[in-house]
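*Asks:* Use these hints to put chain B onto chain A, whose structure you have.
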Amino acid sequence: MRLTSQTVSLWMAVVFGALLLIGFLAFPGFFPPMSPNMTADQVAAFYSNHRAMIRFSMIVFNLCGIMLIPLFMVIVYQMKRMATPSQVLAYCYLSAVASGAALFALADLFWLIAAFRPDRDPQLVMVLNDMAWIVFTAPVGMIVAQNACLAAAIYLDARPRPIFPRWVAHFSIATAVAMLPAAGAAVFRTGPLAWNGFLSFWLRIGAYSLFIVVMFFVLRSAVRRQALEEGAVG
Amino acid sequence: MTVAAKPDLTEVDPDRYRPRNKTDLTVCWWIIPIFYNFFGLIFVLLARVMPPQRADRNPDQIAAFFHAHTVTIQIGFCLLMVVIGGSGIANGLVAFQMKRMSVSPVFAYAYIAALAVGALPGCLMAAFSFLTATFRPDRDPQILALLYDIGFLSFVGSLGCFTTQYLVLALAILLDKNNIFPRWMAYVTIWQIVTEVLAAPVFVVKAGPFAWNGSISFYQGTVIFVVYEVCIIYLLKKAIERQPLGERIPD
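In order, the protein sequences belong to chains A and B. Residue numbers 2 to 235, in this note's numbering, belong to the letters of the first sequence in order. Residue numbers 165 to 415, in this note's numbering, belong to the letters of the second sequence in order.
Careful: at least some of the hints might be erroneous.
Pairwise CB distance ranges (calculated) [unchecked claim]:
no., chain 1, residue 1, chain 2, residue 2, range
1, A, R121, B, D313, 32 to 42 Å
2, A, L26, B, P305, 32 to 42 Å
3, B, V387, A, W168, 44 to 54 Å
4, B, I380, A, T5, 51 to 61 Å
5, A, T8, B, D177, 15 to 25 Å
Honestly, the hints are just simulated from the structure, not real lab data. Cβ atoms here follow ideal geometry from the backbone N, Cα and C, with glycine treated the same way.
Chain A on its own, in the form it takes in the complex (with noise of 0.2 Å):
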């Protein structure tokens, strides 16, 4: 059972991000991201004349974004099986993973109650609008974390045969250093640093999808290396 439970939680990732994938095509503020320069004005326009899509995209994206959760458990699971000398790289990723969770859920409830009454005073819509941008795009030192940790615990592994192969550790600092950028969004309004800049968007956003689809894969087959092994000792 303990491989079903992996396999399960690693197909889980597929279906619901592919509704991940949904809600971010839906959401009429993503195509172009919207930009930080617009007036308080156009801010409540943009939620009063997108009201249908943004709730639509939205609830996809508070139902199905912590789904995920389950996928960053088996490599917790994975990380504890490492050969590395404490299993303390594990409680540090599984801790950063909860709060970087949690960052996600928080940054989408701004968006539904800024569409929730797009006629109050513009100057709140925007704040609203201006919080679930800053939390969406800003706090990337959990993903930072949970990665270095990551990387550490597959280059400390001593298995002759090591549960991740080397290159997902380097992969895995690559991505950190992507996301990185992004930080500067909570306080550039232009430039690739802004939250609809090249840097704090489309390279956080597209490193971090691929990241998830490469570990995937890498997940898929570790565990069913796991089964073969296990399967071995009976």
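*Replies:* Relative to the frame of chain A, chain B by itself:
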């Protein structure tokens, strides 16, 4: 007749290959003092959240505060967005040492869960509200005042995540027979619970010792927090040093 060959366990059992060193523990330990130095730099010097601004200001005074400190708030909290993951690493290391205690892992898991919750209301929410305020300092002062209140009340007033964390840590230390941490640390930790309870009136009063910038709610709590952090960082180092190499920790 030969007995069926025993399956090869070598690939399955990680303990056979676990390196007999403390690299991961040492790296995690070093991140904690580095993180808390950043924390102090950000909250005290840059963002001016510690010591807290007055709770009894009017919206125009609050707007003036954000106007005067926009750049340092932005530098500080932008930095926090990057380094906040250090809190997760600190949680993991303390929880790992708690798992070495002779108590069930329940308290260690509760410690991780309580602090994984606490990071958002107890630390990041203040940064988000201040960053949102300084993102457009020309907002209506009433809105800036709302963001100011969200920032300080969440930062000083997030009580329960931390009382839970301190309670399970204190109980684990008191019940532990492996002496991972000395008993006096449990009493230091209980003091932390007292300071959280004494901060409850920040939601009620705007001035005096129990306001969010008051001598009891803020200064007393912060002094004991610093003492607590110095002790736990020192004791974590001692615990890692005394930990036998290759020790098996039940799951």
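*Asks:* All the hints need checking, so say for each whether the structure fits it.
*Replies:* For each hint, the structure was consulted:
1. A/R121 x B/D313: 32 to 42 Å: violated, 19 Å
2. A/L26 x B/P305: 32 to 42 Å: holds, 39 Å
3. B/V387 x A/W168: 44 to 54 Å: holds, 48 Å
4. B/I380 x A/T5: 51 to 61 Å: Taking Cβ atoms as reference, B/I380 and A/T5 lie about 54 Å apart, which means the hint holds.
5. A/T8 x B/D177: 15 to 25 Å: holds, 23 Å
The earlier numbered hint that this structure contradicts is number 1, and it is the only one.
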